[in-house]
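As a plain string of letters, each chain reads:
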Amino acid sequence: MIHLKTFDYNPGEHEREKASNSYLMSLIAVIAGLPLPIINLLATFIFYMGNRKGTYFVRWHCTQALLSQFSLLLCNSIAFWWTLSVFFAQREISDYYIAYMTTVFIFNLFEFMATIYTAVKTRKGEHVEWWFYGPLTQILVKQ
Amino acid sequence: MRKVLFQGTISLLIFFGSWLIMAQVEWTEILRVDKQKDETESALAEILLKDLENNYERINDSIVISTLDTLLKKLEKKNIFDREDINLHIFNNSEINAYALPDGHIVINSGLIHETERPEELAGVMAHEIAHIQANHAMKKLVREFGLNMLISMISGGAGSDVLKQSGRLLSSRAFNREMEQEADRLGVQILNRSGISAEPLADFLYLLANYNGLGSEALVWLSTHPELKSRAAYILEFDEPQQTHTEALIEESVWAEMKSRIHREVGAPEDIGL
Chain A
1 MIHLKTFDYN PGEHEREKAS NSYLMSLIAV IAGLPLPIIN LLATFIFYMG NRKGTYFVRW
61 HCTQALLSQF SLLLCNSIAF WWTLSVFFAQ REISDYYIAY MTTVFIFNLF EFMATIYTAV
121 KTRKGEHVEW WFYGPLTQIL VKQ
Chain B
1001 MRKVLFQGTI SLLIFFGSWL IMAQVEWTEI LRVDKQKDET ESALAEILLK DLENNYERIN
1061 DSIVISTLDT LLKKLEKKNI FDREDINLHI FNNSEINAYA LPDGHIVINS GLIHETERPE
1121 ELAGVMAHEI AHIQANHAMK KLVREFGLNM LISMISGGAG SDVLKQSGRL LSSRAFNREM
1181 EQEADRLGVQ ILNRSGISAE PLADFLYLLA NYNGLGSEAL VWLSTHPELK SRAAYILEFD
1241 EPQQTHTEAL IEESVWAEMK SRIHREVGAP EDIGL
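Note that the protein sequences, when read in sequence, are chains A and B. Each residue of the first sequence is one higher than the last, beginning at 1 in the numbering used here. Each residue of the second sequence is one higher than the last, beginning at 1001 in the numbering used here.
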């Protein structure tokens, strides 16, 4: 699911820090954004905008961090509105609801762990490509 | 690009696959969701009933209680509800009103019993309230108004007495929305018809209330979300199809007359309508 790969060049100290921060940004936002999932995306997007003219290594990792937030936003938004409808419209608490919340929690947890791992590795200048988001970022970010 | 599409599809399959597999587990059983829901409803009803008891006197007259109980048993006969699941409470309140509380409690005011002329009319009102219970309208209304969190904190004593008063008022007022009221009318007619009772007396009763002396025209039109009495009566008649009409009286005439006289002694002049 996560691959350590050799990047086209050896990124400098400043680049490593910025790239690593893009992941940390989404982590901080996860904590601050609960239970509003849009906050995570916004924080990562603002960081991306601030670094869109950065070096290739920085842009690449900012984009991967941002893309990973889109799918989380979708899953978490459904969970958020579904929960609201349970509490305020007395929609039934079904097996499907609990299963969905559990699945979303597990996916969030995986993403959380992957983000910490990637932030640490990126800080050391190692290039980490995620399943699906890595190849997608590769298409979107040009050198 | 093919790699992205392939990995994206696999990711989606893993997500939805995990969800569907996990949905096969009976979470609601394991987490006792229904039991907790029942406990919440029951605790809430207990609080609301206590509040009513603080404000109105209970009518414990054996003739009144047994007459209403007989009506309830007649409604139960061919219907899907269990008599044991319905709890009747009669309060000495001149307001012409009957309403459903959570957890299968029906409150009937003496003012309403006083106004009914035939047992079929009272049976009609009871069938309508049973329908509210079957569709769980009381709980839905409270959750919609206050949110589940507030109700839970009310049970645990965290919410103030204002919320308690508001929720009691909400259930006893005519604030059910049009859809809920129509659903209860429709289900109520089904309950009556299955028991071999025509809904015509209930419709007549609503017409009677609509023309009730002393009510201002503004009292005839319920809150904006509610169908007014005459249109409700017409709606009820649309669905009325008694399968096998009762040949014998629902309640013996002498018993009904005795019950009415006892209620008459208890109640003053009726002042408002709401059922």
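Any given hint could turn out to be false.
Partial pick of chain B residues on the chain A-facing surface, computed with a CB cut under 7 angstroms [claimed, not checked]:
#1 1005
#2 1007
#3 1008
#4 1018
#5 1019
#6 1022
#7 1023
#8 1028
#9 1033
#10 1207
#11 1211
Once the Cα atoms are required to be at most 30 angstroms apart in a straight line, the calculated DSBU-like pairs of lysine-lysine come out as [claimed, not checked]:
#12 A/124 x A/142
#13 B/1035 x B/1050
#14 B/1140 x B/1037
#15 B/1073 x B/1003
#16 B/1003 x B/1035
#17 B/1003 x A/142
#18 B/1003 x A/121
#19 B/1003 x A/124
#20 A/142 x A/5
#21 B/1003 x A/5
#22 B/1003 x B/1037
#23 A/5 x A/124
#24 B/1074 x B/1230
#25 A/53 x B/1003
#26 B/1003 x B/1078
The hints are simulated quantities; they were obtained by calculation from the structure and are not laboratory data. What you are looking at is a predicted structure, and each value in this text was computed from that prediction instead of being measured. Here a beta-carbon is modelled for each residue, glycine too, at the ideal position from N, C-alpha and C.
Inset, instruction - Would you list, in rising numerical order, the hints stated earlier that this structure does not obey? - result: Of the numbered hints given earlier, those the structure breaks are 1, 10, 11, 15, 16, 22 and 26, listed in rising order.
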